[in-house]
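These protein sequence lines map, in sequence, to chains E and C. Numbering-wise, this note's numbering puts 158 at position 158 of the first sequence, and it's gapless, one number per residue. Numbering-wise, this note's numbering puts 369 at position 204 of the second sequence, and it's gapless, one number per residue.
Honestly, I wouldn't trust all of these hints.
[Claimed, not checked] Simulated DEER-style distance windows between Cβ atoms: (1) A463(C) <-> S4(E): 54 to 62 Å; (2) S94(E) <-> P397(C): 25 to 33 Å; (3) P599(C) <-> I112(E): 53 to 61 Å; (4) D105(E) <-> E459(C): 57 to 65 Å; (5) K146(E) <-> M363(C): 54 to 62 Å.
Quick caveat, the hints were computed from the structure, so don't treat them as lab data. Nothing here was measured: the structure is a model prediction, and the numbers come from that model. All C-beta atoms in this analysis are idealised placements derived from N, C-alpha and C, irrespective of residue type, glycine included.
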Amino acid sequence: MNPSPLNIKIAGLGGMGVLSAAEVLARTAFNSGRDVKKAEVHGMSQRGGSVASEVRIAPEGGHIQSPMIPFGEVDYLVTLAPEWEDIHMPELKSGAVHISTKAIDPTRLPSIKAINVAAMGILSTYLTEFPESLWIEALDASFAPKLHAGNRQAFAYGRSLGKPV
Amino acid sequence: MMPMQNPFRVFLSGNEAVALAAAHHNITRGTGYPGTPSSEILPALHSHGVAAEWAPNEKVAAEVALGVAFAGGRALVTMKHVGFNVAADPLFTAAYSGVSGALVIACADDPGLASSQNEQDTRSLAKAAGIPVVEPSDVQEAYDYTRIAFRISEKWGIPVILRLTTRVCHTGGIVSGTYQAEPPPVLAFTRPIEQSVMVPAHARPAHKVLRGKLAAIARWNNEEGPFKVYGPSDATLAIVTSGVSSLHAQEAAPDASILSLGLTYPLPMDRIRAFTKDRKRILAVEENDPYLSESLRAAGIPAETNPESFRHGELNVVRVRRLIAGQPEPDAPPPRAKPPALCKGCPHTQVFGLLRDVDAIVAGDIGCYTLGALPPLRALHTQLCMGASIGMGLGLRHTLPEKEARKVVSVIGDSTFLHTGINGLIEMAYNPPPTGHIILVLDNGTTAMTGQQENPGTGRNIDHNPARRILIEDLARACGIEDVRVFHPTREADALRTALAEACEDDRLHFFVARQPCVLISGRGRSQKTETANCPTPASA
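Build out the structure end to end from the sequences listed, making use of the hints.
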């Protein structure tokens, strides 16, 4: 039997950076040598409406089968649109962690657009198997160079809000 | 760029994996028309230095690709499932003629209709056409099976469909392998007329040649075709599956014996028969049409008939568990998420306000502006397929009582107009209704819905570099339309409203263009690099 993967769902509205955040997370897992899959839907459903990306990360040596998280098996839920976060609660496994951007003070960000990166900063404090350097590498690979400095600031701020050490 | 290391290990979307495989396979040219979920293949192919371009529609793309393949080259043509309908005319007969080089049609289905107008299954069309189908289940197979599709095409001189689905195209995953480039094809026109001109005298034997090729491919599929098996070899439950359904089945039923097929038309029936022999229960796990289960039963293999509810929507692990447990009741409706809507500041919103002001009956089309049908606008009244707004609008004009007929306006986007709306323009000029008609082109300078691709009207190529620009209004003038005018729908809103109101009253033919850039491209520098699934979209941080 394949050991359980880590199931992370990132949800928000079109234009909030859901897909970019998922890209950073998936690249971090990829750079660590794990098997990882990232599933999302583009096109009309993405236009101004709800957008979600599902990232599944295998334990070391394991592999991912379905790219979609089975209903009720979400380990980490990251919501970028607080007014729409309630609809995802039934998808959570018991004991799952919910990271909401309600916790983020937008005035501490270089731009409100970096809120997705700050949320990844919070998430990173739970996923202790991935060192910070892997996250930074994935962040830089996922965004244009002019955004790198601001992203690092937003990510560091997110980490300061994360799981108490 | 192509990975430089060899062996390679990269994180890609399924679409990017198809493009990488095509580049490694030394293909000659890629062409296609954007359509979710297929749209990222060609830009990725272009980024690898392979000649790739957007065609005005899938039929033209398929014909260009056939020319490449008749010349001995290797061609890739990309489209979504409904695009196959547009390309079907050349492709059905290309199965008879065959190809000299290779032709692979990457056709992306959308079970569950994430961004489409129907749930058609390309496997059913492929069988009707007599075109072999290769179906990858994940990103690794998207790479591996693309190369296999080209090999099959080249070996038997037959077009091959690479059937993708949303969860293959838009899933990110790991592709690894050892990159071995295919030697370049030999380019020359050596085709006999008998194999290239499908008049009846040539097509009759060509049809027999096709059936012979399919029989040979079926034999090869039984002996050497692509497949994988999972789970114990002797379970009482045997699952026959393909595509992403295979992954759901592996997770939902770790104790079952699973045969995951790579080449699903023509099927390797001997292999399936051997795999399912003496099993207590045989189940086909598949999305959309009951293609596998019906094919198995037709061959005398007692696969179960899946409950009707499982042909609708995508499968997932939970649904496959329920299929196995024999629980056919419909799924609980998904929680109500925020529905899609036109972007803030979208010029289409402005135009739909004006159409409401004149109480228009709007024959609509495919694009972001289809969202004009949803509340609060509710200002678009028909929509079926690409280009239909004009023909259907004319049919409504011909048929409705005069008072209503006068209110009919055909509303179509720039890329959709150039795709298949242009034929409707010719129809309007040739067979004008007694009350005249109005075509209103919403020209936002991009193919917005599918990810802001270029089209022949934008004046830019697939890589956003300058190209010859087709002026839509000039086409209308060339057709002799009496009243051709261009408006900025925000700055000239009053003038456009007046023009629409007056045009509804007279009996003339009108062609209006509402030209204002899409808000997603208006700030874009012309040198911006092509987007792929792995780059942040302009709308995100």
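Practice item. Check the following: the C-beta atoms of K146(E) and M363(C) are separated by a distance inside 54 to 62 Å. Key: With Cβ atoms ~55 Å apart, the hint holds.
Practice item. Given the hint of 54 to 62 Å, check if A463(C) and S4(E) actually sit that far apart at their C-beta atoms. Key: For S4(E) against A463(C), whose Cβ atoms are near 40 Å apart, the range 54 to 62 Å is violated.
Practice item. Please test the hint of 57 to 65 Å on the beta carbon pair from D105(E) and E459(C). Key: This hint holds: roughly 59 Å between Cβ atoms.
**Study point:** Outcome for the supplied range 25 to 33 Å, where the beta carbon pair is S94(E) and P397(C)
**Key:** Taking Cβ atoms as reference, S94(E) and P397(C) lie about 31 Å apart, which means the hint holds.
Practice item. Starting from the hint 53 to 61 Å, judge whether the C-beta atoms of P599(C) and I112(E) obey it. Key: 56 Å, holds
Violated hint for the displayed structure: number 1, the only one.
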